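Given chain A, put chain B in place with the hints provided.
Here the protein sequences line up with chains A and B, keeping their order. Here our numbering is used: the first residue of the first sequence is 1, the next is one more, and so on. Here our numbering is used: the first residue of the second sequence is 1, the next is one more, and so on.
Careful, some of the hints might be misleading.
[To be verified] Partial selection, computed: residues in chain B whose CB lies under 10 Å from chain A: (1) Thr5; (2) Lys7; (3) Gln8; (4) Leu63; (5) Arg64; (6) Leu68; (7) Asn69; (8) Glu78; (9) Gln112; (10) Cys289; (11) Val292.
[Claimed, not checked] Using C-beta positions, here's what the derived DEER-type ranges look like: (12) A:Glu21 / B:Thr599: 33 to 41 Å; (13) B:Lys381 / A:Ser31: 53 to 61 Å; (14) B:Leu4 / A:Pro66: 16 to 24 Å; (15) A:Ser31 / B:Thr340: 41 to 49 Å; (16) A:Glu21 / B:Val20: 38 to 46 Å; (17) B:Leu225 / A:Ser31: 49 to 57 Å; (18) B:Glu550 / A:Asn30: 15 to 23 Å; (19) B:Val590 / A:Asn30: 39 to 47 Å; (20) A:Gly28 / B:Thr340: 50 to 58 Å; (21) B:Arg6 / A:Ser31: 30 to 38 Å; (22) A:Glu21 / B:Lys640: 24 to 32 Å; (23) B:Leu171 / A:Asn30: 43 to 51 Å; (24) B:Val590 / A:Gly28: 37 to 45 Å.
It is worth saying that the hints were derived from the structure and are not from the lab. Source: prediction; values computed, not measured. We treat Cβ as the ideally placed atom computed from N, Cα and C, and that holds for glycine.
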Amino acid sequence: MKKTFVMEDLDCAHCAAKMEEAIRKLEGVNSVTVSYIAQKFVLDAEDARFDEILKEAVKICRKVEPDCRIIVK
Amino acid sequence: MKHLTRKQRKLFYRILVAGVIFLPLFLIGHTPMGELWHFHDWPLYVTLPLFSVPYLIAGYDVLRKAVLNIFHGRIFDENFLMCIATVGAFFAGAYAEAGEVMLLYQVGELLQGIAVGKSRRSVTALMDIRPDYANVERDGALLQVSPEEVEPGEIIVIKPGEKVPLDCVILSGKTNVDTATLTGEAMPRDLAEGDEMVSGCVNMSGMVKCRTTKPYGESTVAKILELVENASFAKAKSENFITRFAKYYTPAVVIIALLLGAVPPVFFGEDVYKWVMLALTCLVVSCPCALVISVPLTFFGGIGGAAKRGILIKGANHIEELARVETVVFDKTGTLTSGTFTVTVIHPDSMTEEELSYLAAAAECYSDHPISRSLAQAYKKEIDRTKVFSVKELPGKGVHADIDGLDVLVGNRALMEEFGVAVTECHHHHLGTVVHVGVNGCYAGHVEINDQVKPDAERTIRALKPRKTVILTGDRESVGKEVAARLQVDEVHCGLLPAEKVEKVEALLAEKPKGSALAFVGDGINDAPVLSRADVGIAMGALGSDAAIEAADVVLMDDKPLGVATAIRCAKKTKRIVWQNVIFSLTVKVGVLIFEIATAFAAHGHMEQGHNHMGLAAFADVGVLVLAVLNATRALRVPKDPK
Numbered sequence: 001m002k003k004t005f006v007m008e009d010l011d012c013a014h015c016a017a018k019m020e021e022a023i024r025k026l027e028g029v030n031s032v033t034v035s036y037i038a039q040k041f042v043l044d045a046e047d048a049r050f051d052e053i054l055k056e057a058v059k060i061c062r063k064v065e066p067d068c069r070i071i072v073k
Numbered sequence: 001m002k003h004l005t006r007k008q009r010k011l012f013y014r015i016l017v018a019g020v021i022f023l024p025l026f027l028i029g030h031t032p033m034g035e036l037w038h039f040h041d042w043p044l045y046v047t048l049p050l051f052s053v054p055y056l057i058a059g060y061d062v063l064r065k066a067v068l069n070i071f072h073g074r075i076f077d078e079n080f081l082m083c084i085a086t087v088g089a090f091f092a093g094a095y096a097e098a099g100e101v102m103l104l105y106q107v108g109e110l111l112q113g114i115a116v117g118k119s120r121r122s123v124t125a126l127m128d129i130r131p132d133y134a135n136v137e138r139d140g141a142l143l144q145v146s147p148e149e150v151e152p153g154e155i156i157v158i159k160p161g162e163k164v165p166l167d168c169v170i171l172s173g174k175t176n177v178d179t180a181t182l183t184g185e186a187m188p189r190d191l192a193e194g195d196e197m198v199s200g201c202v203n204m205s206g207m208v209k210c211r212t213t214k215p216y217g218e219s220t221v222a223k224i225l226e227l228v229e230n231a232s233f234a235k236a237k238s239e240n241f242i243t244r245f246a247k248y249y250t251p252a253v254v255i256i257a258l259l260l261g262a263v264p265p266v267f268f269g270e271d272v273y274k275w276v277m278l279a280l281t282c283l284v285v286s287c288p289c290a291l292v293i294s295v296p297l298t299f300f301g302g303i304g305g306a307a308k309r310g311i312l313i314k315g316a317n318h319i320e321e322l323a324r325v326e327t328v329v330f331d332k333t334g335t336l337t338s339g340t341f342t343v344t345v346i347h348p349d350s351m352t353e354e355e356l357s358y359l360a361a362a363a364e365c366y367s368d369h370p371i372s373r374s375l376a377q378a379y380k381k382e383i384d385r386t387k388v389f390s391v392k393e394l395p396g397k398g399v400h401a402d403i404d405g406l407d408v409l410v411g412n413r414a415l416m417e418e419f420g421v422a423v424t425e426c427h428h429h430h431l432g433t434v435v436h437v438g439v440n441g442c443y444a445g446h447v448e449i450n451d452q453v454k455p456d457a458e459r460t461i462r463a464l465k466p467r468k469t470v471i472l473t474g475d476r477e478s479v480g481k482e483v484a485a486r487l488q489v490d491e492v493h494c495g496l497l498p499a500e501k502v503e504k505v506e507a508l509l510a511e512k513p514k515g516s517a518l519a520f521v522g523d524g525i526n527d528a529p530v531l532s533r534a535d536v537g538i539a540m541g542a543l544g545s546d547a548a549i550e551a552a553d554v555v556l557m558d559d560k561p562l563g564v565a566t567a568i569r570c571a572k573k574t575k576r577i578v579w580q581n582v583i584f585s586l587t588v589k590v591g592v593l594i595f596e597i598a599t600a601f602a603a604h605g606h607m608e609q610g611h612n613h614m615g616l617a618a619f620a621d622v623g624v625l626v627l628a629v630l631n632a633t634r635a636l637r638v639p640k641d642p643k
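One chain only, chain A, in its complex shape (with noise of 0.2 Å):
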């Protein structure tokens, strides 16, 4: 499944990199992006696990950057 997040107040483009490496390293991600410029979130996961890897991911962004909020819908 793939979803796509908006984020409020990324404000650093290495922070964008350092949350999408740290959350492309998680089980089960096939594939993230994190766009300082779009200000967006897309995490590709498995299905079964999405909601598990979401909530993970989100604890990763805020502690890479702890200004910033993903939108979860």
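Chain B only, in chain A's frame:
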């Protein structure tokens, strides 16, 4: 101010407040006033709080982030660089410099945020094609619903000035639509009953009633929006390179700074203050922000600028490929030629042109073949089908029919020979398809049908020079060669089946100069395998063709071949800006660094407090950042097409 985010506005006020407090302190420290007041002899418990206040107001979040990152095992980012530089300066007693550096760094952050936000907005504004609602007719009433709720096959009404919400076919009414947002083409298109309306266009003049053909998710507008939104996700190689570069660059800078600050004082007994300040200056000047921001920003701008001209590039990686294109392969029909046949010559033998044209059109009036349609078009008048009897199609040859009591044969030479009609040889050299007409066993003449070369095909080939241009076509040798010669295309391969086109492209791929790329331009019909095999697949006239949008790397929304040249120019410009920024930032940084180190070595002995270049370094760093970002936004402007 109104476009700033909440956070940016907060940062702006913080900089303002910190600046107001800091300015008098800075002036006291740097003007004779300071000496008058013996500023440098003020006790620590006075100066330290005085300078800490603006410093903390400006930079508390940088400190916080740096500390948090260290706890998370992520050091060596720009926050970290700024923290050790400024905190180090504090410890060394250079309070004013610490404040200055922090303030300038934050100004840079703010400016960069504003610039990025601005180009993001201008790109999204380009793509302001998302329809907000659809007027759907249900149970006799007209309802305004969101386009997602409309099913295919429902009746919608589109009023003048409204966006076409879904792909649909006009049932009644006449109008013209503005496709500029999709294709960059300024001329409105005239549409009437039975014509297809493409979602995302703007309905201009008349009210039309339409039947939807696709759900919103599969409509053109949704596909394009998805494509543009995802375009910034496919990263270019140079983008990845910069990310990787920054990963090694920052730690390397920290180590160099550490060595500079420690080695001369410890091993050579040099002045500690001087070398520590130099080390801190190094940290400030080497912040890689300018690179890390400007490279993706430039690619983003390039994609946005191309979109403005109806060229959708599916990712930054394709920009790089496009910039390297040295071979352009065209699939002839639908790209350089329009793919619609028109009658170009009418040569009657024993009757008027009009009579010949009438007989040919009448005999073919039941057929839907492109050739038949072109015959009907050439005759211009309506054909009375009640006068056409016993139409017999002879596959591969033509038609035999009874028209107004005449025994009429319309078809190729083989048909004439079969019925024993002697064809009069024509003194003209025919390139297109020749249709012969025979009446009551006698030869009546022939018409020639040609595929038309698009008006700007020649200009396109000229604009692409000195790149190698190749035509691949399924057409006969004579036709292909003529078009190639007229357009001055370098190479032409005729009579190819679809599978052979793939083989030909493979061969051309093997031939192309090393390090260059090959682009294949097709109209998206039946050429998906070739589109994906080429380095860059370009689909033309994609408005309404899903297959092309899916298979291609670059999509030209209209059917003008000149877009190919424009796309390449856009890509080249974008690539050039990327390298300008990389080289400019690195040159300035390395230059300042060498200058600082050289002055430190030259000035032996003790350095006066307050006489160092840290503030200057911060100014250089922010300056480079701002210039690089401004340069990056240039990518949004598309270069003009050549004549």
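16 to 24 Å was suggested as the range; check whether the CB atoms of B:Leu4 and A:Pro66 agree with it. With Cβ atoms ~20 Å apart, the hint holds.
Can the hint on B:Thr5 be confirmed by a CB-to-CB distance to chain A that is less than 10 Å? holds, 7 Å
Is the shortest C-beta separation between B:Asn69 and chain A less than 10 Å? OK, holds: B:Asn69 within 10 Å of chain A, min 8 Å.
Does the nearest C-beta of chain A fall within a distance shorter than 10 Å of the C-beta of B:Gln112? Check passed: Cβ of B:Gln112 comes within 8 Å of chain A, closer than 10 Å.
Hint validation: B:Arg64 versus chain A, beta carbon distance must be below 10 Å. Holds or violated? holds, 8 Å
Answer holds if the nearest beta-carbon of chain A is closer than 10 Å to that of B:Leu63; otherwise answer violated. The hint is violated - B:Leu63 has no Cβ within 10 Å of chain A, the shortest such distance being about 12 Å.
Is the hint on B:Val292 kept, meaning its closest Cβ partner in chain A is under 10 Å away? B:Val292 check passes; min Cβ-Cβ to chain A is 5 Å, inside 10 Å.
B:Lys381 and A:Ser31, beta-carbon distance inside 53 to 61 Å? Given a distance of about 60 Å, which is inside 53 to 61 Å, the answer is holds.
Hey, does the B:Gln8 contact hint survive, CB to chain A under 10 Å? holds, 9 Å
Let's test the interface hint: is any C-beta of chain A closer than 10 Å to that of B:Cys289? holds, 8 Å
Looking only at beta-carbon atoms, does the pair B:Arg6, A:Ser31 fall within the given range of 30 to 38 Å? Once the Cβ atoms are compared, 31 Å apart, the range 30 to 38 Å for A:Ser31 and B:Arg6 holds.
Is 33 to 41 Å right for how far apart the beta carbons of A:Glu21 and B:Thr599 are? holds, 39 Å
Checked against the numbered hints above, the structure violates hints 4, 17, 22; every other hint is satisfied.
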